Amino acid sequence: MNAQTRTWFPYVSPFDPCPPIRVKTYVVPPNLFITFQRPDLPQYSPAEALRAGTLWPSLYGPYNPQQDYTGREGSHGI
Amino acid sequence: MWIYEKKLQYPVRVSKCDVKMAKYLIEQYGGADGELSAALRYMNQRYTIPNKVIGLLTDIATEEFAHLEMIATMVYKLTKDATVEELEEAGLGGHYANHDRALFYHNAEGVPWTAAYIAAKGDPIADLYEDIAAEEKARATYQWLIDMTDDVDLQDSLKFLREREIVHSLRFREAVEILKEDQGRKTIF
Numbered sequence: 001m002n003a004q005t006r007t008w009f010p011y012v013s014p015f016d017p018c019p020p021i022r023v024k025t026y027v028v029p030p031n032l033f034i035t036f037q038r039p040d041l042p043q044y045s046p047a048e049a050l051r052a053g054t055l056w057p058s059l060y061g062p063y064n065p066q067q068d069y070t071g072r073e074g075s076h077g078i
Numbered sequence: 001m002w003i004y005e006k007k008l009q010y011p012v013r014v015s016k017c018d019v020k021m022a023k024y025l026i027e028q029y030g031g032a033d034g035e036l037s038a039a040l041r042y043m044n045q046r047y048t049i050p051n052k053v054i055g056l057l058t059d060i061a062t063e064e065f066a067h068l069e070m071i072a073t074m075v076y077k078l079t080k081d082a083t084v085e086e087l088e089e090a091g092l093g094g095h096y097a098n099h100d101r102a103l104f105y106h107n108a109e110g111v112p113w114t115a116a117y118i119a120a121k122g123d124p125i126a127d128l129y130e131d132i133a134a135e136e137k138a139r140a141t142y143q144w145l146i147d148m149t150d151d152v153d154l155q156d157s158l159k160f161l162r163e164r165e166i167v168h169s170l171r172f173r174e175a176v177e178i179l180k181e182d183q184g185r186k187t188i189f
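Chains as they are written, first to last, in full-length UniProt numbering: chain A, 1 to 78; chain B, 1 to 189.
Be a bit skeptical, because a hint or two may be false.
[What the hints assert, rightly or not] Calculated cross-link-like contacts (lysine to aspartate or glutamate; reagent style DMTMM-like; alpha-carbon spacing at most 20 Å): (1) B:6 with B:63; (2) A:24 with B:136; (3) B:77 with B:59; (4) B:7 with B:147; (5) B:52 with B:153; (6) A:24 with B:153.
The hints are simulated quantities; they were obtained by calculation from the structure and are not laboratory data. Predicted model only: the values in this text are computed from it and were never measured.
Put together the whole structure using the sequences plus the hints.
Dropping the structure here:
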């Protein structure tokens with residue numbers, strides 16, 4: 001988990017038909033925490049910026065699959 | 001008018017022959033929260049939005065068309081060499097019956113694109129809040145698409161597109177701040 005992920009714990013019933021997923025996560029991207037971008041923020045190099053999709057590290061919100069493709073639980077995002 | 005550059009905004013490489021993924025990617029092509037919806041929504045709202053943020057909507061609308069091209073490229077690469085049998089197995093039998101291997105503006109379930117997906121209320125705050133919501137919905141759609149493939153090259157392009165939604169959302173939030181500031185300003189002579 002990190003600063004761009006939040007977790008919650010859904011109710012699990014003893015009568016649920018399938019094995020429970022006890023922890024659910026969602027993303028809170030960096031734009032939520034910036035009202036108006038300051039003009040003097042550090043910047044990536046052009047090559048890094050293309051790869052990241054943004055010129056500014058403080059706007060970068062990486063994402064990785066919540067579980068691996070085969071269905072095994074993995075690290076959520078980021 | 002536009003000047004067309006004959007290249008993609010970000011490289012698209014698809015390394016896994018996974019025809020089914022084409023069916024899911026089409027959600028971002030002709031789905032409610034897809035790139036076509038985004039581009040047309042902003043390109044239309046721009047006419048009646050206050051001067052200070054017209055350019056922002058035009059710029060973002062233009063970039064959404066560049067994203068549309070990237071999605072189209074992904075879908076095309078995944079379907080161009082597929083046999084009819086493979087298309088059927090991927091759930092694209094209905095698509096083939098109607099369109100052969102042509103792309104079409106519909107969502108992952110085959111529902112055709114409709115202008116009902118987008119809005120133009122004319123109220124600048126209402127329109128910008130809709131735009132912010134649209135960006136967050138598109139960001140989420142990209143997350144689920146990234147979850148659905150293990151092709152790291154395809155994921156790479158999708159991650160770029162997802163990051164752009166984050167940046168656009170912030171820009172629309174800033175547009176709201178600009179319009180708020182304008183309203184509160186007192187001119188003293």
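**Asked** For this structure, which hints from the list above don't hold up?
**Response** 3, 4, 5 and 6
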